[in-house]
Each structure stands twice: as C-alpha cells, then as structure tokens.
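K.L.:
Residues per chain, in single letters:
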Amino acid sequence: MQKVPITLASPGMVLAKPVMGDKGLPLCAEGTALTEKLIDRLRAMNVPSVTVRGRPLESGAPVKTADQRVREIEERFARVKGDPLMDKILDAAVTAVRQEEAENPALEDGEGAPS
Amino acid sequence: MSRAEKIKSITKRIQGLPTLPPVVRKITALVESPDVTAQEVGKLISSDQVLSAKVLKLVNSPFYGFPGRISSISHAVILLGFNVIKGVVLSASVFEIMETSMVGLWAHSLGSAIASGTIARALGLSEPEEISTAALLHDIGKVLVRVSLPAEYNRIARIVEAEGRSFRDAETEVLGVDHAEIGLWLSREWGMPERLTVPISLHHEPEAATKFKDRVAVVHIADTLIRAFGVGSGGDPWVGRIRPAAWDAIGMDRIDLVGLMREILSGLEEVENLQL
Chain A
1 MQKVPITLAS PGMVLAKPVM GDKGLPLCAE GTALTEKLID RLRAMNVPSV
51 TVRGRPLESG APVKTADQRV REIEERFARV KGDPLMDKIL DAAVTAVRQE
101 EAENPALEDG EGAPS
Chain B
1001 MSRAEKIKSI TKRIQGLPTL PPVVRKITAL VESPDVTAQE VGKLISSDQV
1051 LSAKVLKLVN SPFYGFPGRI SSISHAVILL GFNVIKGVVL SASVFEIMET
1101 SMVGLWAHSL GSAIASGTIA RALGLSEPEE ISTAALLHDI GKVLVRVSLP
1151 AEYNRIARIV EAEGRSFRDA ETEVLGVDHA EIGLWLSREW GMPERLTVPI
1201 SLHHEPEAAT KFKDRVAVVH IADTLIRAFG VGSGGDPWVG RIRPAAWDAI
1251 GMDRIDLVGL MREILSGLEE VENLQL
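As they're listed, the protein sequences go chains A and B. For the first sequence, the residue numbers in this note's numbering are 1 to 115. For the second sequence, the residue numbers in this note's numbering are 1001 to 1276.
Here are the simulated lysine to aspartate or glutamate pairs, EDC-like style, with alpha carbons at most 16 Å apart:
{"#": "1", "chain 1": "A", "residue 1": "Lys64", "chain 2": "B", "residue 2": "Glu1269"}
{"#": "2", "chain 1": "B", "residue 1": "Lys1006", "chain 2": "B", "residue 2": "Glu1173"}
{"#": "3", "chain 1": "A", "residue 1": "Lys88", "chain 2": "B", "residue 2": "Asp1253"}
{"#": "4", "chain 1": "A", "residue 1": "Lys3", "chain 2": "B", "residue 2": "Glu1269"}
{"#": "5", "chain 1": "A", "residue 1": "Lys17", "chain 2": "A", "residue 2": "Glu30"}
{"#": "6", "chain 1": "B", "residue 1": "Lys1006", "chain 2": "B", "residue 2": "Glu1152"}
{"#": "7", "chain 1": "A", "residue 1": "Lys88", "chain 2": "B", "residue 2": "Asp1248"}
{"#": "8", "chain 1": "A", "residue 1": "Lys88", "chain 2": "B", "residue 2": "Asp1256"}
Calculated Cβ distances over 10 Å to all of chain B for the following chain A residues:
{"#": "9", "residue": "Val14"}
{"#": "10", "residue": "Glu30"}
{"#": "11", "residue": "Leu38"}
Quick caveat, the hints were computed from the structure, so don't treat them as lab data. C-beta atoms are modelled at their ideal positions from N, C-alpha and C, and glycine is treated no differently.
Full structure from sequences and hints, please.
P.N.:
Written as structure tokens, this is what we have:
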C-alpha cells in the first residue's frame, strides 16, 4: 500500500483505500483501477493524493520486510525489557505490524529486500 | 542554583527568541478576546496566503480526523474552535524551523499528534483535537535549544551519540534543565493557554500534573508509543518507560492495544509525506 500524490498517479494503479470527497462520502471505491479520465477528474476535484496497492513508486527508501520491521521494534525496546507494561506494548506493536503485513504485503512474493 | 534560576540564566542567554510572524501574534491575541467571531479570525488568517495554506493542510491531515476535506479557513475555525486554531497557527510557524533543520523531530511530533488523537478518541476524551495539538508542540523546547543555543545543542547530540544516553539526560547535564522546562517557558512567553503549556511541561512527568491530567497522560503515552515504530527522532532512538500510573489514570487497559497500534500505523501512512 502506498500513498501517491495525484500528480504522480498513473493509469493502472489500483486503489487500496476509497477516495473520500468533501462531505465524507466516497468518490471511488477501493479496488478501482485508475484511468486517465478518472485521474483528471480527481485532480479537478482537488483530491491531493490516493492510496494504491503495492508500491508502484520508488521512494528511494528500501522496503522492509515484516521481519526487519519487527527486529527494529525489538531493538528500540531494549532498554525497557522486563517492564510488564512495556512488554505488553511491544507485543501489541509487533502483532500490529504482522497483521498489517499479512493483509497488505509491502513486497510481492519473491521480491525480497536485500538483507 | 535552583531550577528557576537555571531557567532564568538560560533564557537570558537566548538572544534571538524565534519570532512569530506579526500575523500569528495578531491571531493569538485576537482569539483571547471574549467577543471575537469566527469570521474575524478567519479573515485575519486568510490575509496571509502562506499561513492559510499551511492551516488547511494541517486541519486536513488525519490527526484531526475529519472525514471530509475542509476547504475554507472559516469552516476550519468553526469546526476546530479558537484554541485549536491558535495551536495550529503556532505549529505552522514553529515547524517551519523544524522542517528545514530538524526533520526527525518534525516527524516525531506529527507521529505523536496522530497517536494522541487516536488514543483520545479511543478513550472518548473530550476535545481530542486540542490534545493532538499539545502533542504536536510537546517538544517545542528542543526547537528553541537548537535555534537559540546551537553550541549546547551540538554538545547534547554528541553526548547522546558517544555515550548512548537519553537526550533528556544529556540536556540536563549540559543545560541543567530539560526541554520540557524550556518548552514551558517558551509556550508561556508566546501566550499559549494552560491546556497546551501543562502537557508541554509535564510530558515526561505526568504524575506531577494537578490540572489537565488526562491530556498530560495521553501526550506522555503517545510520545513513547510512537517511538516503537521508529517514526522520526525525538533525539535518541530508544523507547522509554511509560509511567504505569499515567496508563491506569486514563484507563488505557479499556482499549484494544493491537487495534490502537494498527490505527496509529495507518494514520502514519497517510502523513508519510506531509509537509506544511
């Protein structure tokens, strides 16, 4: 999933989240494939950006796997390990990352980041 | 030297207090007057196009959680209320400094604001937008040190780097006070209301709060939670300890923690590239 400024949106990208309009009503449903015409219309309505599936834009930053993200989270908690409340928070953070990754893989199969 | 004397001696050395643009000072003064209308405040903000654009960007960012887009300043003033608008206007100005020289702190502040708003809404606390604003400004003291005492700031950063100590620990060694105390001084100097100055000054010591306890606890917790995901930098990379008393005081155990974390993650995704 990636948030893309409307100026960089291109036909073929698929919405991962609905586009919301002024009154909080959805303009385009999740799963819609963008077309030239649709992008023009969204731009005319001043929609600043859209959230699309996958990571179609190269951001320059390496895409991390869930394992890498979890390892980094654990490292940041190194100094509060053993504190019951902080251990509970660490667990929740790790579970949240795992769940998010399972539903919206940042990487397609076989597209592993260099480790 | 007492703490009060230390603060005084530091603030004396601060030559150029980051100045607020005149329009910002006018706005903060205007919202204090009891019979001001939303139209008047909106008109004044609209007179500065750059500021207007920043205010609209900020109010449309996910931490205020309005489903539709807010396209006019007067609509923003009515929806958010004077206190939030004042915070937004101040943030917009302060963060100009952060955006250029303290990118990590800007991201950390935005992340803390998202986490605070998410927690406040999950707990059903009143005025979640104001709590977000307090979180956005909670490290304002660090900005002042960076801008006005650059030599000291560099010494603090070197201590963190070389000795692996926490940023706050290093600040106390170099300055004798920490960014929370400096933040309190600056926010009073700028005429911020207590609902913002109290969380700024006590975000590391929530148990000391006698007023606005809920807000202080939320900002304290959000500041720590957001570090879990490595968003930006509050000066050092480590997650600190949340005070259990603050956790219990607002009943954090009522919230589904995994769900909260997921909401924070998706809020972060949306502001990934937010610049004012």
